[in-house]
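Q: The lines below spell out each chain.
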Amino acid sequence: MILSTSLNSNSYSFIDKLRAVDYFLIIIVAIIGSLSVFSIYSTESGNFSFYTKNHLIRFLVFFSMFLILSFIRVSAWYRQAYIFYILGILLLLFVMFFGISASGSKRWINLFIMNLQPSELMKIAVIVCFARYYHRIQSSDIQSYKYLLQPIILLLIPCYLVITQPDLGTAILIAGSGLAIIWLAGLNLKYFVYSGLILMVSLPFVISILKPYQKSRILTFFNPERDPLGAGYQIIQSKIAIGSGGFLGKGFLQGTQSYLEFLPEKHTDFIFTLFSEEFGFVGSIILIFLYALLIYRIIRIGFLSRSFFAKLYCFGFASALFLYIFVNIAMVLGLLPIVGAPLPIMSYGGSSMLSIMLGLSIVMSCKIYSRDPIGS
Amino acid sequence: MIKKIGNLNKNKIISRRLFVLVAAKIGLLGIVTSRLYNLQISEKQKYEVLSDKNRIREWKTPPQRGIITDYFNNVIADNQRVYQVHLSLEEVSNFNNSIFKLKNIISLKEDEIKKIYENKEKSKPWDTLIISENLSWKEFSKLNLYLHELEGAKPVLSTSRHYPYSNDLVHVIGYVGDATTKDIQNKKKIEENFVPGLKVGKIGIENSKDSDLIGNHGTKRYEVNASGKKISEISYNKETQGENLRTTIDLEIQQLAQELLKNQAGSICVMDIYTGEVIAMASSPTYDPNKFTHGISTKDWNEIKNNKLRPLINKSLAGLYSPGSTIKPLVALAALEYGIIDTKFKVNCKGHDHPYELYGERYHCWKKNGHGLMSMRNAIKQSCDIYFYEVARLLGVDKLSLIAKRYGLGSKVLEDFFLEEKKGIVPSTQWKKQVLEQSWYLGETVITGIGQGYIQTTPLQLCLMTAQLANGGFKIKPNLIHDKEIDLEMIKSKIESEKKKSVSQNILKDHQFKHYERLYRNPNNLKLVLDAMYGSTNEQFGTSFRSRHKEDKYKFAGKTGTSQVKRITDQDRELDLDLEEIEYKSRDHALFIAFAPFDKPRYSLSVLIEHGGSGSKAAAPLANKLIKKIVDRHESREKIRKDLKNIA
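Residue numbers (our numbering), protein chains in the order written: chain A, 1 to 376; chain B, 377 to 1024.
Chain A extracted, bound-state conformation:
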């Protein structure tokens, strides 16, 4: 088995690799990326300045990185999976002591060219790590307590580190994508039901340890008018922007809500709001459709992959991606409380872009080296 792997793996020619590339996926990413550049351009009222420039450069750099890293063998990712995870944890610990603070939370490491947010990288690290973890476990063993407890600990460590930054949004996304993989790996349904029940029972205690601003966000979610100029302001203004966009939107650069600065954090978490205000229902549906296509392509690659690792990774990443997108859009639509969660590719922010592109490059690597049957 090991032999045949090495034999097969050596037999990829460059042409084969190029052929194996999923160009459709690349095109979708490029389209979403372009839309994001235009959207950021619009947040600056049609001025090609700081944010647009930065965003464009980041997109181009990380997009190229995605294309280049796609040619790293998926087995290499497999081998380095735990290292990747440990690296992530170390970076999170580094943030804890030496991180940069902004608006009350400590999330970033100053890399001079950009501020790296390790929690974003952790999102991918957890998926890679779990994919490897479940890759080698027999299906019969999965239900055992040993294999139940280990991943939960693996998941709780980064979640805890991120929550204490504090960054509830990213922690939820990390936990969510981890749980998605555990689910995909085949853990018995009853554990999910039990833990769900336990969560509900412990919810009051969880709420009691939340930071006041987090509590207020949750309360505000249930009733935004509770504090229309404070915590509820973002939700209200976001809904106004989206609603007033109507069927076809107000037109590119015509979004009054963002242009007149009613919209908070329009570059980052509320980029969808701006997009939706300017391009309306039609534009929003198209964007959502593009994301759906992207997810579909990733799942398709998972199906085409031979190794369990690749499958698990692709399905897991697709689910995580969906989770990021859903949480962000549901949040700006007022369906979920406001937690910091960027919209993949669209939102301004280097770390988020980096982690998504990194994740995509692993997906692409799964595609290129789909025949690699990874051994343990």
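Heads up, none of these hints are tricks.
Cβ-Cβ distance ranges computed for the label pairs, FRET-style:
| id | chain 1 | residue 1 | chain 2 | residue 2 | range |
| --- | --- | --- | --- | --- | --- |
| 1 | B | Glu494 | A | Ile218 | 37 to 45 Å |
| 2 | B | Phe476 | A | Phe247 | 52 to 60 Å |
| 3 | B | Glu568 | A | Thr164 | 55 to 63 Å |
The set of hints was computed from the structure by calculation and includes no laboratory data. Positions of the beta carbon are idealized from the N, C-alpha and C atoms, including for glycine.
Use these hints to put chain B onto chain A, whose structure you have.
A: Just chain B now, kept in the frame of chain A:
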């Protein structure tokens, strides 16, 4: 092999699990999509409105007040250009600093600065604050020079109320000032058009006609950003100027009246006896209404407030005086109408040694040596008190009160036009019982017959009374604002038809008369009284003989009045002091009523000089000058009347 099976198994599981996940994702996507649909399509309009509400802010622009003119279209209240400095709060980073800088450039007094801080407390962060309403040109140009150092300060050319004939018309026009919370609550028009700095009428025509004068505010709609900064103007609904008003006042006569009253406290009213137009309504002393426009200084205010002659009181309609002998024509008329006396009725006035006596009380005539045997005509002409004591006694106070009220005493002449107008008192037995809860004494009837005692009238009421006597006994509608509805021809023809009407049953009873209805029973009674008034001015021994006009066209008829402000004791009578020897506050009020020209009466007037002494010496001479002016102005006034009618 086992591993292979395990992997196959795992692959199966993962596919199944993925299927569940994908299904869940599709479900969630459905929720998101339906939410989008809900927001952007179902509730689009609601959010569009909210979005506009967010981005559009309205600024009200102040309306311009309507202009007030006299009957001849002379502007008596207009809007004048003023230099102001406003402070746009959203552009100010340090308010204290800005005020300090401004203080060094334009002179701001301590109380002005205090007021600015008070106003700032009430303003919203995007409001504009008026720092100074009325800068001198020098200050204004200095401000422009230093403008670059003053963030948020804006030099503004604005308009403010201006009264070109300042003091002469203040009691008619009134003045404007800042709208108070009370003003805003009480008047809908002010509430609707309120703009910071809006001036509203405080008194006079400015107050009573405020709703017409204010006009409508404009609306500037701006697109603003989240912090309230103006981005662009969307629309400008221009403000409109209030209605222009033409009053019935003749500026020239008003100014003459005011001039005649100079340095005295008193009032002059002139009225058209048919149309009821108030041609002049002077009250003295006056004050400058322009001082109130931008808030009067404490010093100026105290000066006005502490003036002993009480300039703030509009004596024409808020000053109450005993009518004195000016009531006599009315007493005579009442007695004739009720048939109490006839023209041959005579009373002997024998001087201070033989006063009129009633139940032991003695009542004196003003003339020390007595008038002798008096007929009614002579009694009015020479103003014999003894005669009217007796007539009043025979007539009774209730009948007198009824006729007095009918001719305009005891009620507001201009209805509710002026807040400060007083009703006065026309006493009757019933009135005394109700108000003072005492019964009436006959002695009180006797002194009411010479216009003393409880009876209180305003000069405007006396003017109206004279008008309604002079026009032949018809009720007229006094007015101060030109009114198309009040047409001279129409009134004259109505009066003609009233004359021919047979006497109604009610004529001697308490009855509400309509405008232009006849008020008398027998026209000869009235003629007699008016003729007696002619005698009073134009025949020897008449009390106003010295003030007569010899030229026919200026000839007028009048009646003097001297109203006591305190009881005359026997000692006073003994001393018989000259006016200058009596303390000001104790001097009599001088009154005079008149109508002119005698042969074809058209105008009535009343003159009152507070503590002026005798009516014949202090009041009647003013009427002489006034009547000449009034008659001279008659033709041009009629020409305007014709023009106005043609326009209508």
